[in-house]
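Whole structure, please, built from the sequences with the hints as guidance.
So the protein sequences, as listed, match chains A and B. For the first sequence, position 89 matches number 89 in the working numbering, and the numbering has no gaps at all. For the second sequence, position 67 matches number 67 in the working numbering, and the numbering has no gaps at all.
None of the hints are false.
Result set (DSS-like, lysine-lysine): computed pairs, CA atoms no more than 27 angstroms apart in a straight line:
(1) K69(A) / K57(A)
(2) K18(A) / K65(A)
(3) K57(A) / K49(B)
(4) K57(A) / K71(A)
(5) K18(A) / K57(A)
(6) K71(A) / K49(B)
Derived by calculation from the structure, the hints in this document are not laboratory data. Owing to the predicted nature of the structure, the values given are computational and were not obtained by experimental measurement.
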Amino acid sequence: EAQVTQNPRYLITVTGKKLTVTCSQNMNHEYMSWYRQDPGLGLRQIYYSMNVEVTDKGDVPEGYKVSRKEKRNFPLILESPSPNQTSLYFCASSLQGSGRGGASGELFFGEGSRLTVL
Amino acid sequence: AQSVTQPDIHITVSEGASLELRCNYSYGATPYLFWYVQSPGQGLQLLLKYFSGDTLVQGIKGFEAEFKRSQSSFNLRKPSVHWSDAAEYFCAVRSGGSYIPTFGRGTSLIVHP
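Put into structure tokens, the structure is as follows:
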């Protein structure tokens, strides 16, 4: 089954304790991205990756790191979490393409990781 | 830069009533337009998309959307809402040269029995 898998789904941690949220997709997608969702703010992009070893900042990258060593995996790293990073996080992937006649650019989302930083 | 506006934060309808969720975008050329749905506790799922051609597109779960270039809109409609449609709905736009979509802030749909 085609899917994007995130782990953990729920996590409570304390300020300053490094954590990693993993994301894996089995669709051979080039593009992967991380979003955070907060009430009233919708989805905001943290980082994205166009392909292996290619990553770039989104709208709210501060306090986060990512890596893309393999095509299928795109972990999100919080080196020193703070309470303002309490949020619902989504990983998404898509197949790149022209859109017209090529891949649609439809995003496939994981089920989300709810993170609480105390 | 592309942008998306969903002017309604919350919409409440009765089960069986019709539904229209509004989406306006800002982008010079013809954009690629999407509607996603997020059910409680779930990730986002694509409802439908528009790239070109027929401006009325059909999606899953009985939803449809109409692209109106003159109004820069891509409103989502359903003729008869079911209780299971209660969810958060996101409109998204991306330009032809970018793989990075911009999302609206979402509209929360509440369905009364």
